[in-house]
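A.B. asks: Sequence:
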Amino acid sequence: MKLKFVAAVIAAGLMASTGYAVAQAKADADKPEPPDPKVIETIFAAFAGGLPEKWDRAWVVVAEKRAEKGARDFYVECLFSVPGASSLGKPNPSCDRKIIFEEVWSLNKNIPSREQRRWKAATLVFTADGKFELSYDYEEAAEPTAEKKKTKKN
0 MKLKFVAAVI AAGLMASTGY AVAQAKADAD KPEPPDPKVI ETIFAAFAGG LPEKWDRAWV
60 VVAEKRAEKG ARDFYVECLF SVPGASSLGK PNPSCDRKII FEEVWSLNKN IPSREQRRWK
120 AATLVFTADG KFELSYDYEE AAEPTAEKKK TKKN
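The sequence shown runs 0 to 153 under numbering that gives the first Met the number 0.
For the record, the hints were derived by calculation from the structure and aren't laboratory data. C-beta atoms are modelled at their ideal positions from N, C-alpha and C, and glycine is treated no differently. Careful, some of the hints might be misleading.
[Unchecked claim] Here are the simulated BS3-like cross-link-like pairs (lysine-lysine), alpha carbons at most 25 Å apart as the crow flies:
| no. | residue 1 | residue 2 |
| --- | --- | --- |
| 1 | 130 | 30 |
| 2 | 53 | 89 |
| 3 | 108 | 30 |
| 4 | 68 | 119 |
| 5 | 119 | 64 |
| 6 | 130 | 89 |
| 7 | 97 | 130 |
| 8 | 108 | 37 |
| 9 | 68 | 130 |
| 10 | 130 | 119 |
| 11 | 97 | 37 |
| 12 | 119 | 30 |
| 13 | 37 | 130 |
| 14 | 130 | 53 |
| 15 | 68 | 89 |
| 16 | 108 | 130 |
| 17 | 119 | 89 |
| 18 | 119 | 108 |
| 19 | 97 | 119 |
| 20 | 89 | 64 |
| 21 | 64 | 108 |
| 22 | 108 | 97 |
| 23 | 68 | 97 |
[To be verified] Distance windows between CB atoms, simulated:
| no. | residue 1 | residue 2 | range |
| --- | --- | --- | --- |
| 24 | 98 | 55 | 17 to 25 Å |
| 25 | 68 | 128 | 16 to 24 Å |
| 26 | 69 | 96 | 19 to 27 Å |
| 27 | 134 | 93 | 30 to 38 Å |
| 28 | 129 | 85 | 20 to 28 Å |
| 29 | 64 | 89 | 17 to 25 Å |
| 30 | 129 | 109 | 17 to 25 Å |
| 31 | 129 | 98 | 14 to 22 Å |
| 32 | 67 | 96 | 32 to 40 Å |
| 33 | 49 | 138 | 23 to 31 Å |
| 34 | 41 | 83 | 29 to 37 Å |
I would like the entire structure built from these sequences, with the hints used as guidance.
C.D. replies: Here is the structure:
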């Protein structure tokens, strides 16, 4: 009798741990894979030429414009900040928006869930020490974040 009880407890434990393993595998399958370093390098190279000698952070934003008739349309911003300046960023005039869009869009292949590929904005931030961070926003696209040009009134 005791032997049957112990066997039942062991079987229940194995089933529970198998269920946990399956659930963990499914959760891991929904996580995006790390981006290909060559894609990240290509994105950086597409706007690095316009960075000043002393920059602190540089980032690209690929964001969806308001959709019309179901078609998705995007804009690309390339921004940077220098040490001690505003964190809003200044526009980078030397920015190959076409390459940046194509490479950021290609990162979708690393996202397993179709729903997660419906992001509204992707932001890729580089720091001067060689690190980067990629994030996706699923809310409505915000207005561009570059500093507005100030005009003098005489």
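A.B. asks: Need the status of pair residue 108, residue 130: alpha-carbon distance at most 25 Å?
C.D. replies: Between residue 108 and residue 130 the Cα gap is close to 22 Å, so the pair holds against 25 Å.
A.B. asks: Taking the beta carbons of residue 98 and residue 55, is their distance inside 17 to 25 Å?
C.D. replies: At roughly 23 Å between Cβ atoms, residue 55 and residue 98 fall inside 17 to 25 Å, so the hint holds.
A.B. asks: Would you check the hint for residue 108 and residue 37, treating anything up to 25 Å between C-alpha atoms as holding?
C.D. replies: Cα-Cα ~14 Å, so holds.
A.B. asks: Hint says 19 to 27 Å; check whether the CB-CB distance for residue 69 and residue 96 agrees.
C.D. replies: Since the Cβ atoms of residue 69 and residue 96 sit about 23 Å apart, the hinted range of 19 to 27 Å holds.
A.B. asks: Against the 25 Å threshold, does the CA-CA distance of residue 97 and residue 119 hold or violate the hint?
C.D. replies: Roughly 18 Å between the alpha carbons, so the hint for residue 97 and residue 119 holds.
A.B. asks: Is the gap between the beta carbons of residue 67 and residue 96 within 32 to 40 Å?
C.D. replies: Taking Cβ atoms as reference, residue 67 and residue 96 lie about 20 Å apart, which means the hint is violated.
A.B. asks: Straight-line Cα separation of residue 119 and residue 30 no greater than 25 Å?
C.D. replies: Status holds; Cα separation ~18 Å.
A.B. asks: Between the alpha carbons of residue 68 and residue 89, is the straight-line distance 25 Å or under?
C.D. replies: It is violated: about 33 Å lies between the C-alpha atoms, which goes past 25 Å.
A.B. asks: Does 20 to 28 Å hold as the CB distance between residue 129 and residue 85, or does it fail?
C.D. replies: Holds - the Cβ-Cβ distance for residue 129 and residue 85, about 23 Å, lies within 20 to 28 Å.
A.B. asks: For the pair supplied as a hint, residue 119 and residue 89, confirm whether the alpha-carbon distance does not exceed 25 Å.
C.D. replies: Holds: residue 119 and residue 89 sit about 22 Å apart, inside 25 Å.
A.B. asks: With the threshold set at 25 Å, check whether the alpha-carbon distance from residue 97 to residue 37 stays at or below it.
C.D. replies: holds (17 Å)
A.B. asks: Given the hinted pair residue 130 and residue 89, is their Cα-Cα distance within 25 Å?
C.D. replies: OK: residue 130 and residue 89 at ~20 Å, within 25 Å.
Going through the hint list in order, the structure does not satisfy hints 9, 15, 25, 27 and 32.
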